[in-house]
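Q: Spelled out, the chains give:
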Amino acid sequence: MAATPADASSSSSEAVVGGEKSNKMITLISSDGESFEATEEAAKMSVTIKHMIEDGCADDGIPLPNVPAKILSMVIEYCNKHAADADDTNKHVADPADADEDDDNNNNNASAGEKEDLKSFDASLVAVDQATLFDIILAANFLSIKGLLDLACQKVADDIKDKSVEEVREIFKIENDFTKEEEEAVRKENAWAFNE
Amino acid sequence: MAAAAALPVAKTAPDLPEMDLISSLPGEILSIIISLLPIGSAVRTTSLSRRWRPLWRSSPLNLDISHIDGCGRDRAAAVSKILSDHPGPARRFLTACLQITDPDGWLGSPALRDLQEIDFWLPRYEIPMPLSILRFAATLRVARFGNCRFFEYDAPPSFNFPCLEKLTMRFIFVREDTLHCLLDGCPVLESLLLDRCHGFYYMVINSLTLKRIGTNGGRHGCQLVIENAPRLEKLIRTDLHPESTIRLIKAPKLEIFGFMTDDFTKLKLGYEISQVAVTI
Chain A
1 MAATPADASS
11 SSSEAVVGGE
21 KSNKMITLIS
31 SDGESFEATE
41 EAAKMSVTIK
51 HMIEDGCADD
61 GIPLPNVPAK
71 ILSMVIEYCN
81 KHAADADDTN
91 KHVADPADAD
101 EDDDNNNNNA
111 SAGEKEDLKS
121 FDASLVAVDQ
131 ATLFDIILAA
141 NFLSIKGLLD
151 LACQKVADDI
161 KDKSVEEVRE
171 IFKIENDFTK
181 EEEEAVRKEN
191 AWAFNE
Chain B
1 MAAAAALPVA
11 KTAPDLPEMD
21 LISSLPGEIL
31 SIIISLLPIG
41 SAVRTTSLSR
51 RWRPLWRSSP
61 LNLDISHIDG
71 CGRDRAAAVS
81 KILSDHPGPA
91 RRFLTACLQI
101 TDPDGWLGSP
111 ALRDLQEIDF
121 WLPRYEIPMP
131 LSILRFAATL
141 RVARFGNCRF
151 FEYDAPPSFN
161 FPCLEKLTMR
171 FIFVREDTLH
181 CLLDGCPVLE
191 SLLLDRCHGF
201 YYMVINSLTL
211 KRIGTNGGRH
221 GCQLVIENAP
231 RLEKLIRTDL
241 HPESTIRLIK
251 APKLEIFGFM
261 TDDFTKLKLG
271 YEISQVAVTI
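Chains as they are written, first to last, in full-length UniProt numbering: chain A, 1 to 196; chain B, 1 to 280.
Simulated from the structure, these hints should not be mistaken for lab results.
Where hints are given, some of them may not hold.
Claimed, not checked - Calculated pairs, BS3-like style, for lysine-lysine (alpha carbon to alpha carbon, straight line, at most 30 Å): (1) B/K250 - A/K81; (2) A/K119 - B/K250; (3) B/K253 - A/K115; (4) B/K81 - A/K81; (5) A/K163 - A/K180; (6) A/K119 - A/K163.
Being a predicted model, the structure only gives us computed values, none of them experimental.
Start from the sequences, fold in the hints, and give me the full structure.
A: Printed below as a string of structure tokens:
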């Protein structure tokens, strides 16, 4: 006999961060003076901003001298998209290996379709030129938005992995400033990795 | 001037930078990036430039042995080299594909300090899991163990895994009391998979945090009792021994109660419901 399915109206396991979700808007000011509005819920995806809100420093808008407008708008877009699903977002390091084993590591509240949406949103957010990507990384680091930092760093890692040293230098314009002896010594240190 | 068609091909592709931007990222960020790379690529970053040379050793070690080419002996040699070279801490150590000849030696390596994720297989089934695995108890978040006898002592050691969220045990002999001690020592466990394990005829689940349970096969039947699992959403049992039963006492969120025919490791759901006695 079949087991009865669980009650379908089980409540979503929302993060118990500061209790109920408010509709309050927060103003964020980029380094070049542009103002952006974000819901408190989205803004709190940044641990840095979350602390400022909780310390009562956010009432007149939060200046972000490290983040230019172009990047800040992308960051806010990310936060808006992911805020609804912030349950475990800040817990895990994003691990591609986990995606096969269980697909609901993070984003426990999203349906399959929504997860696909988020995935393709994330992919297009970081499909940018290197300068922009690094600016996103720096902003995510400064603002302490773990999910975005992991996402953007993973993109860089994907561009590096399985490529030869020469290819990586070419893609990132890294100058080889080793002497011939130094370079030989480095390669010898872990010869197993250098049979290319 | 010259027609557009005669313009020379750009020296660099349009979205490559003019200058080296990546090397001026802060070291802590480069460390994050390096720790996301497969081990070969991570080690090769040491030869990119002088700036990059020390970075791999100061990023958390991410060592998945399956990413090392070569035969078993070559791989083992590479792993020994890596473990002696890296000062730690480590993020991941995945050994599933390799016959480990010196489990204690590797597990004791300073390079594996503060390990968060482990996949550890013993070479022969009769071998006990080394005690040294408990060295990582305080920091492990994800653990997969395979092919051994699990802590068969008169008194099981005290298990304390404060961060462990995901536990997988395959081909493991573990006694009932040891298994329950282990589960009691995992206060934040969300996912539990027991694949072809035996030694326990009765398993009681009493967990405020477990969301997913899977069991597969086993040499003998086992009665699984879900005594109290308020967050349990998925319970999957495959390849059931004819004497296996289940009692569901309290699992208010249970949505999927499935019996799969596919390879269990993929956690794809089938739609057959097995015959069980259900008590609610």
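Q: So, for every hint listed, does it hold in this structure?
A: Right, here's what the structure says about each hint:
1. B/K250 - A/K81: 35 Å, violated
2. A/K119 - B/K250: Answer violated: A/K119 to B/K250 is near 35 Å, above 30 Å.
3. B/K253 - A/K115: 21 Å, holds
4. B/K81 - A/K81: Status violated; Cα separation ~44 Å.
5. A/K163 - A/K180: 21 Å, holds
6. A/K119 - A/K163: 25 Å, holds
Hints 1, 2 and 4 from the list above are not met by this structure, while the remaining hints are.
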